Amino acid sequence: MRSLFLPAAIIALVAQFAVLWAVIAGRAPASSPGRPARLAEIAWVVLPTLVLIGVLFLTWNRMAAPVVVAPVAGVTA
Amino acid sequence: MSEVVANQRQRSLASDLVMLTKPRIISLLLVTTAAPMYIAGSPSWFTLLIVMVGGYLMAGGANAVNMYIDQDIDDRMARTRLRPIPGGRMTPRSVLAFGLLLAVAATWLLARFVNVLTAALALGGFYFYVFIYTRWLKRTTPQNIVIGGAAGAFPPLVGWAATTGTVDLTAIYLFLIVFYWTPPHFWALALLKQADYGRAGVPMAPVVWGERETMDQMLWYTILLIALTVLPVAYGAFGMVYLVSTLALGGALLWGVIRMRRSKPWTGAAWWVYKYSLLYLALLFVAMVVDRKI
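Going down the list, the protein sequences come from chains L and W.
Throughout the first sequence, residue numbering follows my numbering, covering -11 to 65 in sequence.
Throughout the second sequence, residue numbering follows my numbering, covering 6 to 299 in sequence.
Among the clues, some could well be false.
In silico negatives: residues of chain W with every beta carbon more than 10 angstroms from chain L [what the hints assert, rightly or not]:
{"hint": "1", "residue": "LEU53"}
{"hint": "2", "residue": "LEU142"}
{"hint": "3", "residue": "LYS198"}
{"hint": "4", "residue": "ALA210"}
{"hint": "5", "residue": "VAL213"}
{"hint": "6", "residue": "GLY241"}
Label-pair distances were calculated between CB atoms; the ranges are [claimed, not checked]:
{"hint": "7", "chain 1": "W", "residue 1": "GLY215", "chain 2": "L", "residue 2": "ILE30", "range": "15 to 23 angstroms"}
{"hint": "8", "chain 1": "W", "residue 1": "GLY215", "chain 2": "L", "residue 2": "VAL2", "range": "21 to 29 angstroms"}
{"hint": "9", "chain 1": "L", "residue 1": "MET(-11)", "chain 2": "W", "residue 2": "GLY203", "range": "45 to 53 angstroms"}
Since the hints were derived computationally from the structure, they do not count as laboratory data.
Here the structure is a predicted model, which means the values were calculated and not measured.
Beta carbons are placed, not taken as given, at the ideal position from N, Cα and C, and that holds for glycine.
Please take these sequences and the hints and turn them into a complete structure.
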């Protein structure tokens, strides 16, 4: 099932960046005009974007970790 | 005669206290708390009971404090006009005291009979809902639901910590699934109630962005959600039963959102998305438990 990681991660990132772009491009504006409100708006979308990237990195790490096989009693090398 | 009146008042107070906790909303929170307990392991019935009671009290307390903070706008919205404070049946102070009492009781219960991490996470959800969502973001940004959704995403962490005493990558995925489920779910309701939110001056997405952009964002968040629900399968957290279930459930949600964007009028389709998204989340968590247990 490891092959699911790349397509799912790419789709998630594309969707997250589409949401971020809507805010940056002004299609999803802030509730009040002015630069501080607009920057705050962008920050509120950047935050989950960073969390998502972090979780994808952790997932990749988990998948890359070597599988540890528990020793079976009575079996010698 | 006076005894009958006294009985009616008692009954009315009891129903108001229950109303303050928003029991219908909490029922879904309890599903997303209980399911992770069984995904993470095999908790005892006693632990499950304490977590359910503690979870209800904490979420109920947060909802009561929310009604105390929102008392000025609840009167302006048809959806909230009959709540105990705008209805004049309870004083704001008594509602605040009730909410705080529930939160204290929940913290004690979870810390004493489950573990400190579980209590801390539940309390974290309470603070996030009250201070970050209600007090700060709700009235200042149309992203209120996106970030505020984190408050509703704490229950899976609470359930996971109750069974394992810790939080791991799968628990974080459960948190993110509820987090990214919130925008398409709540914005469907916000689209339908946008006039109410506009009257109250709450900058919900449809009020600030308009209907089209809100629907576009719902679509992106739904796609993101479906991708996210598949990712735990990639590192072996869940198997085929869950994968098939999540793709079928997510496919139906995506179809609903696309149908809503194309429909004119879209109100019927928006109601469908709102109601189905509730079922979607509950069934998704049930599928996770079934996958782990078979």
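Here is how each hint holds up against the structure:
no.	hint	verdict
1	LEU53	holds, 28 angstroms
2	LEU142	violated, 8 angstroms
3	LYS198	holds, 17 angstroms
4	ALA210	violated, 8 angstroms
5	VAL213	violated, 5 angstroms
6	GLY241	violated, 7 angstroms
7	GLY215/W <-> ILE30/L: 15 to 23 angstroms	holds, 19 angstroms
8	GLY215/W <-> VAL2/L: 21 to 29 angstroms	holds, 23 angstroms
9	MET(-11)/L <-> GLY203/W: 45 to 53 angstroms	holds, 46 angstroms
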